[in-house]
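All chains should be built: construct the whole structure from the sequences, respecting the hints.
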Amino acid sequence: MNLENKNIVVTGASSGIGLELAKGFLSKGCKVVAASRTINNDLLNRKGLYYFQGDLSKPEEVEKLFIYALERLGSIDVFIANAGFAYYEMMEEADWEHISSIFNINYKSVVYSAQKMKKLNGNKPFNFVTTSSGMAIVPLPGYALYSSTKAALKGFAEAYRWELSKEQYFQVVYPIATRTQFFKNAGGSPMPWPSQSAQVVAQSIIKGIEKNKNSIYPSKLFFCIALLNRIFPVILKLYAYAEYKKFKKWLANKK
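Residue 108 in my numbering is what sits at position 68 of the sequence shown, and the numbering runs on without skipping anything.
A few of these clues could be false.
Distance condition first, Cα-Cα at most 27 Å in a straight line; then the derived DSSO-like pairs of lysine-lysine [stated by the list, open to error]:
no.	residue 1	residue 2
1	Lys87	Lys148
2	Lys68	Lys206
3	Lys104	Lys87
DEER-style ranges, computed between Cβ atoms [stated by the list, open to error]:
no.	residue 1	residue 2	range
4	Lys285	Phe125	23 to 29 Å
5	Met130	Asp95	23 to 29 Å
6	Leu160	Tyr279	37 to 43 Å
7	Leu261	Lys294	27 to 33 Å
No lab work stands behind these hints: they were computed from the structure. Note that beta-carbon positions come from the ideal geometry of N, C-alpha and C, so glycine has one too.
Set out below in structure tokens:
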């Protein structure tokens, strides 16, 4: 897709990857609706930028976002479902609401938005992009719920693509640990190795959209490791074990 002058929606745009994506699209002359729970003053008063504030874990707020975007942009060429969060925890108590809250934003909101984009565009071209995670491929200790939401997106995308028309793309991004407030917000969890900056991830996503890639891997190292793991599964098991030791240490320090 040629991104010049396109109309784009980015969720989770107040910080991290979403913020860098909004900046990158604006630099290409796009009009952008930046959606988040909180407003980042760094984006305000930029030409071509419209801010939507809402909680996208609720379907009525997703509806409002689409109405707002269409009123400002007229159409939506690219939708980036980037909003999400993680728990870093030992799962001990059965808690339905705890499980639902992370699936509502990390998975349900994404699928609902994808269906909205298909309904809105019919058979016309569009790109739908969602930020999954390397943990969809390599689930890590402490992130059982988060990893499962991201793996669910991977499974949905691989099936749903068959239902899309020509030149309609459902693109999934698999970033490794990104140096943002993400891990602090997840309970002060230790950052897994390796890691990347939000700028690098955002640049990879923009290039992936331009090339209409179904799967976008911002880290070449992780992509190579994931390929090798198909032949030597022990590689990622050893990596997960190293992260398990970090998890146990984190739990001990919390007591």
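Against the structure, the hints come out as follows:
1. Taken as a hint, the Lys87 and Lys148 pair is broken in the structure, with Cα atoms around 32 Å apart against an allowance of 27 Å.
2. Distance check on the hinted pair: Lys68 and Lys206 sit about 25 Å apart at the alpha-carbon level, within 27 Å; holds.
3. Annotation: proposed proximity of Lys104 to Lys87 holds, straight-line Cα distance about 22 Å (limit 27 Å).
4. Hint check: Lys285 to Phe125, Cβ distance near 24 Å, so the stated range 23 to 29 Å holds.
5. Taken as a hint, the range 23 to 29 Å holds for the pair Met130 and Asp95, whose Cβ atoms sit roughly 27 Å apart.
6. Our hint of 37 to 43 Å for Leu160 and Tyr279 holds, since their Cβ atoms are close to 41 Å apart.
7. A hinted range of 27 to 33 Å for the beta carbons of Leu261 and Lys294 is consistent with their spacing of about 31 Å.
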